[in-house]
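Chemist: Residues per chain, in single letters:
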Amino acid sequence: MSPRRRVWVFLAAMAGLAAFYLWGLAGLPGFGSYPGPYGYIINAIAVHQTNATGVVSAVNFEYRGFDTVGEEFILFVAATGTATVLRHLRGERERAPADEDRDAPPTSEAVRMTALILTGPTVVMGWYLASHAQTSPSGGFQGGVVLATGLILVYLAGRFLAFKRISSVDVTDAVEAMGAGGFAAVGIGAVAMGLAYLTNFLPLGTIPGAVSSSGTIALISFFVGVEVGAAFILIVSELLDQTLLLGPGSR
Amino acid sequence: MQVFPFVVVVWILGVGLYGIVTSRHLVHQIVCLIIVQSSTYVLLLGVGYVTGAVAPYFFDVPVHTPAVDPVVQALALTDVVVEAAVTALLLAFAVQAHKRFGTLDPQELVQLRG
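So the protein sequences, as listed, match chains A and B.
Residue numbering for the first sequence follows this note's numbering, beginning at 1 and increasing consecutively.
Residue numbering for the second sequence follows this note's numbering, beginning at 252 and increasing consecutively.
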């Protein structure tokens with residue numbers, strides 16, 4: 001199909017979609033008039049029930065905890081899948097480490113300096129986010145991504161070998177498995193105590209919004225942070241590894 | 252305007268799809284897919300919005316302050332995670348496609364046989 005024909009087919013399809021969308025929009029409550037009831041109910045009971053002031057985290061790690069286990073394993077499987085798709089093919093060989101510096105595009109001093117300065121604060125920020133799911137807009141998923149960013153800044157600072165050392169596949173794999181397994185184990189712990197899977201069995205603390213409050217919500221968020229951080233480092237380092245590979249007959 | 256955010260949703264969706272259809276580079280196409288998926292974030296957050304309400308965090312506001320729906324916000328989080336997973340896998344496939352066929356132009360890739 002020629003590019004021009006393709007655009008016309010697309011426009012026709014878009015016109016159809018727009019018509020259906022407008023039709024659907026007519027039955028939707030207007031923006032700003034959410035009819036409820038689920039959001040209102042959870043907002044009314046969550047702080048009292050869990051001692052967590054961050055209701056989104058309470059939904060994610062408590063009311064909807066079982067879904068979040070699945071969500072976490074989606075990321076786990078994606079990291080595994082990326083590693084599998086990018087495995088060394090027959091006939092590929094790794095470039096000698098000596099070539100590395102020559103092939104890497106030169107990084108400007110400004111980028112290196114900024115990356116170095118930001119590494120520490122970014123790691124602290126990620127740690128803060130991962131450990132404060134119960135109080136403020138944060139949680140393991142956000143914290144994990146920021147943590148991984150902190151380590152990827154090491155690569156941006158021009159320290160490729162240092163990045164490879166801290167992101168060795170064995171270590172990241174083990175950490176990732178620990179995070180994913182920890183989450184599942186919290187749920188099984190509840191079962192072992194005769195409760196339903198992922199029941200919040202830890203003491204909830206006394207002050208809503210304190211770091212020590214909310215029982216398993218904080219614990220699960222921590223495990224998710226570890227898993228997500230490791231998964232992202234694994235994915236990025238798998239993609240970076242590709243720059244070191246020579247394919248059969250290429251270049 | 253009451254429906255404006257929902258118009259934004261379909262605009263983002265349309266722009267992203269147009270990018271996918273006309274793309275000449277696989278990585279660009281993957282970015283367009285991310286844009287298509289971004290429209291779902293706007294839709295989810297738009298559906299749960301309550302006029303004049305605060306975010307569903309009761310750290311420094313009283314517990315019974317009107318707040319927006321936390322359920323759709325949690326769903327948006329799931330959405331982001333799935334997008335990250337999909338993007339990682341697609342980028343890996345793009346790397347392999349480039350290794351195998353020596354091109355990243357989807358319209359050239361169509362003409363090649365696997």
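Calculated directly from the structure, the hints in this document are not laboratory data.
Among the hints, erroneous ones may be present.
Footprint (simulated), chain A over chain B, 3 or more residues, beta carbon under 8 Å [as the list claims (entries may be wrong)]:
id: 1; segment: 253-259
id: 2; segment: 266-278
id: 3; segment: 283-295
id: 4; segment: 332-342
id: 5; segment: 346-352
Where is the CB? At the ideal position from N, CA and C, for every residue including glycine.
Chemist: Count the residues of the segment 283-295 of chain B whose CB lies closer than 8 Å to any CB of chain A, then report whether that count reaches three.
Modeler: violated (count 0)
Chemist: Please count how many residues of the segment 266-278 of chain B have a CB within 8 Å of a CB from chain A and say whether that reaches 3.
Modeler: holds (count 4)
Chemist: Closer than 8 Å Cβ to Cβ for three or more residues is the test here. Does the segment 253-259 of chain B pass it with chain A?
Modeler: With 5 residues in contact (Cβ-Cβ under 8 Å with chain A), the coverage given for the segment 253-259 of chain B holds.
Chemist: For the segment 346-352 of chain B, does the count of residues with a C-beta closer than 8 Å to a C-beta of chain A reach 3?
Modeler: holds (count 3)
Chemist: Go check the segment 332-342 of chain B versus chain A for me, would you? Three or more residues, Cβ under 8 Å, otherwise it fails.
Modeler: holds (count 8)
Hint 3 from the earlier list is the only one contradicted by this structure; the remaining hints agree with it.
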